Amino acid sequence: MTSTLAPRKRSTVVRAGDRVFAGLSTGAGLLILLTLAGVAAFLTIEGIPGILANPDEVKSGQSFWPYVWPLVYGTLIAATVALILATPVAIGVALYISHYSPRRLGQSLGYLVDLLAAVPSVVYGLWGIQFLAPHMVPVYEWLDKHAGFIPFFAGPASATGRTIMTACIVLAVMILPIMTAICREIFLQTPRLHEEAALALGATRWEMARLAIFPYARSGIVSAAMLGLGRALGETLAVAMVLSVTAGTVTANLISSTNPSTIAANIALSFGEASGRTVNVLIASGLVLFVITFLVNFAARAVVDRRKDFSGAN
Amino acid sequence: MTNTLTPRSHGAGPVDVQHELYGAQLPSWAAKAVLGTAVVVAGILYLLGTNLVLASLVVFVLGLALPLWSLVVEGSRKATDRLVTTLVTSAFALAMFPLVSILWTVISKGTKVLSAEFFTYSMRNVVGEGGGIYQALVGTLLITGAAAVISVPIGIFAAIYLVEYADGNRLARWIRFLVDVMTGIPSIVAGLFAYALFVVFFGEGVRMGIGGSVALSVLMIPVLVRSTEEMLKLVPNELREAAYALGVPKWRTVAKVVLPTALAGIVTGITLAVARVIGETAPLLIIAGATDSVNFNLFEGRMATLPVFAYQSVRSPGVPPEFSIDRAWGAALTLLLIVMLLNLIARLVSYFFSPKGER
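As given, the protein sequences belong to chains A and B, one line each in that order. First residue of the first sequence? That's 3 in the working numbering, and the numbers climb one at a time after it. First residue of the second sequence? That's 3 in the working numbering, and the numbers climb one at a time after it.
So that you can see chain A by itself, here it is in the shape it has in the complex (with noise of 0.2 angstroms):
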């Protein structure tokens, strides 16, 4: 055996192309990483400053953290209820384009609800602005008359409906396809023979679903809210257009004039006319952003890939 190796020796040149190819790869590969980390180490560096300014030199007049406290707040609330709001709904969704629907319009059915994620966000806002906002009005009178002993609802109604519940709704709207699609990927998923074995057992198509769709998906479904509640953190355009602000607000009023603002859409608001300081205040509000919503879609993905292992998908 010993003289058949001797002469592979020679054959295992290495190529300066695949060197090259190799190098060039890795090197992309690696690259991801270090523009992930640069996104983190430059906010970082610019918003230390911000953090660390004194209250006479910024426009606010405050110091970071009390600034900031209310938009986390209001990015906070902003985001949940979209996510009350679309949860359900995405879910509907989902189980009637994978098991409801004629199965042929199915995947028409899907395009559909993925051209509402083609659309853009400026877009959004323009419809929350001058379609949405208009038109909610009279609910939030009505809301305010009927429902006006629960905190969210206390009014007095806003006259011109851009109130936070109008920017949960564009929300909500905004993060439909992205729960969707993943709903109804994972509820394809469920193994046919569980959901057959529920039929023939005379289950009805609602007990086949609550029996062996949900159980199998239960996972799926929460990181599919998680990675909408990360989209609802970051979006900008379409809270900043819709909503009147008043700054520094905190309040559970979800249907009056005076609404707090959310990170991301203060950022929009403030950057153009910021000088000085107050850029590395707003840099440093956007890293309090960044952190939140890469927990949340960190988690979220941890969730997905650790039901990858289980699936019977592969």
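Here are the simulated SDA-like pairs of lysine to any residue, each with C-alpha atoms no more than 20 angstroms apart in a straight line:
no.	chain 1	residue 1	chain 2	residue 2
1	B	K111	B	P323
2	B	K252	A	V16
3	B	K34	B	A95
4	B	K34	A	Y102
Covered stretches of chain B (chain A as the covering partner; in silico rule of three or more C-beta atoms under 8 angstroms from a C-beta of chain A):
no.	segment
5	70-82
6	187-198
7	251-260
8	283-293
Simulated from the structure, these hints should not be mistaken for laboratory data. Because the structure is a prediction, the values reported are computed rather than measured. Just so it is clear, CB atoms sit at the ideal spot from N, CA and C, and this is done for glycine as well.
Start from chain A and add chain B according to the hints.
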């Protein structure tokens, strides 16, 4: 079966097997009848002047008659099933409502202003009526083009690394995971990153078209990596092995066998990624700024883009505001058309040019 059924019939007459096995059922036309009645009633109300939302609510409420009817005839399990079917179908209808509404509003308000002048004039020195979106079109095409030039090679090579070179090692798993996390970076954070990066080199208050491209690349690369990776994985291993067996070096195998096979899918992925970032507003607002003049130089000065133009026109419309808001709708329609066109191209490419083997 017959001998188990006979004892129960107590002798008198033939057994109604159908009834024995199934129990009471609604007639097969029940669902259609209820839906039809609901739509007709709502239609009449709409014609009498109720608004569309209330009319849709009426359809929904009348639709609930079906589960109630079922509860009386078929019992609670079937009724729950029908209730859920009604709810799930309504959820779909509800999701279609904003889509139709957005398309309708944008098209009806946007088509008013579309004209040759609208596409070929800039906003320089325009007050009130007239002017156009030429500067924004130029800016959008240049910035998005540059973003594609930056991110396409990086995205494709990273995908090649993941599929061809990494063999699922720990680095590859981390890259894949972080790419997924990166798809969730808020666009405004990408804009701030580009600003923070450029401030280090160019000083405070920097506004530059290429900065917008960098920000868009951060958003585009993860999308590209994922779609390209999926496509490369679909290339059958037999093709690679055949090439290796012929003595073709690895890099030539990738360049001449794997990439051409996956080309249609990769092009589709690129088109969809471009369609995704072309509508991004927030990062461009921060780093590219806005201007009324045409600017062809990516490396110098502010640059207008379609989404930012639409945003600014609504934000600070000037007096009288109508013209500016009309222009915003026009820009939104143009943007929407570009995005839809890109999506259509992507679908066509994947439909006509994907490899036809194994069918």
